[in-house]
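Protein chains: 2
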Amino acid sequence: MAVTLADVAQACGISASTVSRALSDPEKVNAQTRERIRRTAREMGYSPNSVARSLSIGRTGMLGLIVPDIANPFFPPIIKAVQSRAGQKESAVLLVDTDEHASDELDRARTLSKQVDGLILISPRTPAEQLGEFVALAPVVFVNRRVDGAASVVIDSSDGIEQAVQHLAAMGHRNICYLGGPRLSWSNKQRQAAVSAACERFGVQLQVRGPFEPQIQAGVRAADLVRTSDCTAVIAYDDLIALGLMARLTEYGVQAGRDVSIIGIDDSPMSGMAYPTLTSIHVPGAEAGTMAVDLMLRLLSGTPPEPLPVVELETRLVIRSSTGPVRT
Amino acid sequence: MAVTLADVAQACGISASTVSRALSDPEKVNAQTRERIRRTAREMGYSPNSVARSLSIGRTGMLGLIVPDIANPFFPPIIKAVQSRAGQKESAVLLVDTDEHASDELDRARTLSKQVDGLILISPRTPAEQLGEFVALAPVVFVNRRVDGAASVVIDSSDGIEQAVQHLAAMGHRNICYLGGPRLSWSNKQRQAAVSAACERFGVQLQVRGPFEPQIQAGVRAADLVRTSDCTAVIAYDDLIALGLMARLTEYGVQAGRDVSIIGIDDSPMSGMAYPTLTSIHVPGAEAGTMAVDLMLRLLSGTPPEPLPVVELETRLVIRSSTGPVRT
DNA sequence: GACACGGCTGCAACCGCTTGTCATCCTACA
DNA sequence: TGTAGGATGACAAGCGGTTGCAGCCGTGTC
Numbered sequence: 001m002a003v004t005l006a007d008v009a010q011a012c013g014i015s016a017s018t019v020s021r022a023l024s025d026p027e028k029v030n031a032q033t034r035e036r037i038r039r040t041a042r043e044m045g046y047s048p049n050s051v052a053r054s055l056s057i058g059r060t061g062m063l064g065l066i067v068p069d070i071a072n073p074f075f076p077p078i079i080k081a082v083q084s085r086a087g088q089k090e091s092a093v094l095l096v097d098t099d100e101h102a103s104d105e106l107d108r109a110r111t112l113s114k115q116v117d118g119l120i121l122i123s124p125r126t127p128a129e130q131l132g133e134f135v136a137l138a139p140v141v142f143v144n145r146r147v148d149g150a151a152s153v154v155i156d157s158s159d160g161i162e163q164a165v166q167h168l169a170a171m172g173h174r175n176i177c178y179l180g181g182p183r184l185s186w187s188n189k190q191r192q193a194a195v196s197a198a199c200e201r202f203g204v205q206l207q208v209r210g211p212f213e214p215q216i217q218a219g220v221r222a223a224d225l226v227r228t229s230d231c232t233a234v235i236a237y238d239d240l241i242a243l244g245l246m247a248r249l250t251e252y253g254v255q256a257g258r259d260v261s262i263i264g265i266d267d268s269p270m271s272g273m274a275y276p277t278l279t280s281i282h283v284p285g286a287e288a289g290t291m292a293v294d295l296m297l298r299l300l301s302g303t304p305p306e307p308l309p310v311v312e313l314e315t316r317l318v319i320r321s322s323t324g325p326v327r328t
Numbered sequence: 001m002a003v004t005l006a007d008v009a010q011a012c013g014i015s016a017s018t019v020s021r022a023l024s025d026p027e028k029v030n031a032q033t034r035e036r037i038r039r040t041a042r043e044m045g046y047s048p049n050s051v052a053r054s055l056s057i058g059r060t061g062m063l064g065l066i067v068p069d070i071a072n073p074f075f076p077p078i079i080k081a082v083q084s085r086a087g088q089k090e091s092a093v094l095l096v097d098t099d100e101h102a103s104d105e106l107d108r109a110r111t112l113s114k115q116v117d118g119l120i121l122i123s124p125r126t127p128a129e130q131l132g133e134f135v136a137l138a139p140v141v142f143v144n145r146r147v148d149g150a151a152s153v154v155i156d157s158s159d160g161i162e163q164a165v166q167h168l169a170a171m172g173h174r175n176i177c178y179l180g181g182p183r184l185s186w187s188n189k190q191r192q193a194a195v196s197a198a199c200e201r202f203g204v205q206l207q208v209r210g211p212f213e214p215q216i217q218a219g220v221r222a223a224d225l226v227r228t229s230d231c232t233a234v235i236a237y238d239d240l241i242a243l244g245l246m247a248r249l250t251e252y253g254v255q256a257g258r259d260v261s262i263i264g265i266d267d268s269p270m271s272g273m274a275y276p277t278l279t280s281i282h283v284p285g286a287e288a289g290t291m292a293v294d295l296m297l298r299l300l301s302g303t304p305p306e307p308l309p310v311v312e313l314e315t316r317l318v319i320r321s322s323t324g325p326v327r328t
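Chains as they are written, first to last, in the working numbering: chain A, 1 to 328; chain B, 1 to 328.
Simulated from the structure, these hints should not be mistaken for lab results. Every value quoted in this text rests on a predicted model; they were computed, and no experiment measured them. One or more of the hints may lead you astray.
Identical chains blur together in the list; that is why a pair holds if it fits in one copy or across any two.
As the list claims (entries may be wrong) - Calculated cross-link-like contacts (lysine-lysine; reagent style DSS-like; alpha-carbon spacing at most 30 angstroms):
| no. | residue 1 | residue 2 |
| --- | --- | --- |
| 1 | 28 | 114 |
| 2 | 189 | 89 |
| 3 | 28 | 89 |
| 4 | 28 | 189 |
| 5 | 28 | 80 |
| 6 | 114 | 80 |
| 7 | 80 | 189 |
| 8 | 89 | 114 |
Please construct the entire structure, taking both the sequences and the accompanying hints into account.
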């Protein structure tokens with residue numbers, strides 16, 4: 001029912017191979033033949049069958065994108081960037097949401113790897129020992145996680161975190177709390193280490209609580225821990241936790257920015273929205289997505305550069321009103 | 001390099017067709033042969049090439065999902081539901097985000113339609129006259145939009161909206177404002193009509209403002225319009241607009257639930273988060289996603305039922321603290 | 001004992017496109 | 001005028017599965 005290459009060829013009284021070349025490798029076909037073919041193809045409404053094409057050339061033109069949770073506002077900007085960059089490069093994106101199930105990642109990757117040219121894993125929750133298996137499966141780019149021997153786009157939160165701790169220290173906070181993210185989360189380890197280092201540098205006492213899921217409810221749960229501690233400021237693993245915390249504290253009459261200082265990480269759109277607005281560390285998600293696609297395309301086309309590229313992106317503190325001088 | 005059907009066949013000293021049948025149509029193969037084949041296949045790490053399979057059987061096992069904006073919190077739950085349902089049914093999901101560009105939808109659909117078995121369009125922004133073209137392209141299910149002659153899952157906001165207006169009227173509000181969504185949005189038309197009907201029924205004055213983009217910033221912009229009007233309550237096209245509005249009004253010292261009543265639509269996770277928490281109309285997005293996949297699978301398998309099915313889902317009001325008695 | 005029938009399996013065509021190889025024809029140069 | 005060489009386009013062999021058809025063999029029936 002769909003018009004095929006052979007149909008066009010027949011209509012032109014010419015062989016299929018020539019039609020194929022006329023459309024994909026124009027140089028190799030005489031100019032007027034080419035034009036005639038193209039016109040007929042257009043008139044007949046021909047459009048190549050991408051499955052057949054994939055089978056023949058051995059590439060599908062699709063990228064697999066594995067994400068822990070689309071509903072987490074940290075991810076959509078990355079996903080959008082990946083999509084749009086892939087679109088520019090004529091690739092489609094096969095998206096998979098693992099619902100934060102670390103153990104699903106490898107399974108889904110295995111399935112996916114047969115339908116796509118390469119895999120982009122955003123913030124994978126899989127334990128480090130198993131990450132190698134992904135690399136064996138297909139060309140892989142990791143985002144928001146550094147993996148030895150693999151291409152990755154990492155977001156170095158240490159700059160932003162250092163700014164955050166400095167900001168708090170400058171306002172007199174001497175006792176702060178870090179609300180940790182999922183235990184298996186690589187970025188949680190990074191963030192916690194950065195907080196810890198910065199606290200040491202600025203002479204601030206640090207207490208660590210957690211793990212918390214990157215969800216609003218977890219932040220609500222964290223509120224009681226914070227209220228009963230002697231911390232005057234909190235840095236949360238992400239904005240969701242920070243927002244949940246802030247909302248719950250508000251219910252208790254504890255006001256962020258006045259009674260306690262709260263800093264989130266991700267700078268999601270909601271942080272500008274909350275009341276009070278949330279001081280947060282901006283994480284360049286969109287850039288990361290774009291870079292990941294570019295990296296992948298580089299891996300796919302030709303020889304991967306030997307030391308596999310690791311792109312580092314920086315973060316910075318965005319001060320809003322959930323932070324303020326320590327209450328004396 | 002990957003192990004193929006032929007490799008397995010050779011290893012078993014058997015023909016490829018038998019191997020194929022042993023794996024996909026077990027009944028037709030002798031039990032012990034089948035077991036031997038399966039074992040060898042497993043040992044060799046065989047896994048079928050899905051592209052070749054697609055070419056052969058003429059189906060790709062993929063569904064195309066077109067969404068206006070992943071970053072809008074209304075969509076992720078739907079997308080997740082579609083994914084997970086499709087996953088259960090061994091289908092993959094090819095996601096496309098059109099960034100709210102109505103005119104992109106048809107283009108993307110055209111490209112996509114060649115790689116997938118069917119198209120699911122969530123809240124399409126395309127004008128009604130052109131919707132027929134999608135149907136011509138491939139099996140289509142529309143979500144959150146009723147399209148004549150096509151399968152659709154619609155969310156009937158009228159119940160929820162009626163409850164909302166009744167709720168406001170009961171608290172003495174006699175003058176309310178509806179902040180409209182995008183002009184081309186079908187659901188905006190539905191919602192506005194429902195608000196209008198309900199206001200009439202409950203004897204409430206209605207003012208309509210807009211259009212506003214479903215984004216926080218639009219709500220912020222709306223705040224001035226609301227402040228200078230004589231409305232005592234607002235129903236916004238969606239939660240984002242409501243939240244933006246509420247945050248901005250808070251900055252002005254106008255407190256939702258006390259000085260003005262605000263109701264959002266979508267009941268997104270943030271509505272429980274904001275301060276004050278946002279009264280909102282719950283929209284069953286996840287159910288809609290699941291139903292859409294089921295509908296699609298029904299369309300694809302066998303004869304579509306003649307009157308193309310339209311699934312209707314209901315909405316309901318979730319009262320939180322952004323609404324209260326009119327201030328006297 | 002011959003025949004029919006049914007269960008298994010192999011052969012080969014096909015899905016639609018790409019691409020290496022080769023024949024043909026024309027041009028240009030010696 | 002003969003021939004080398006470059007365009008140009010046809011042929012055919014895949015890519016890796018699926019599936020209709022036919023053949024083989026064993027069993028049951030008359």
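Q) Can you list which hints this structure breaks, lowest number first? A) Of the numbered hints given earlier, those the structure breaks are 2, 4, 5, listed in rising order.
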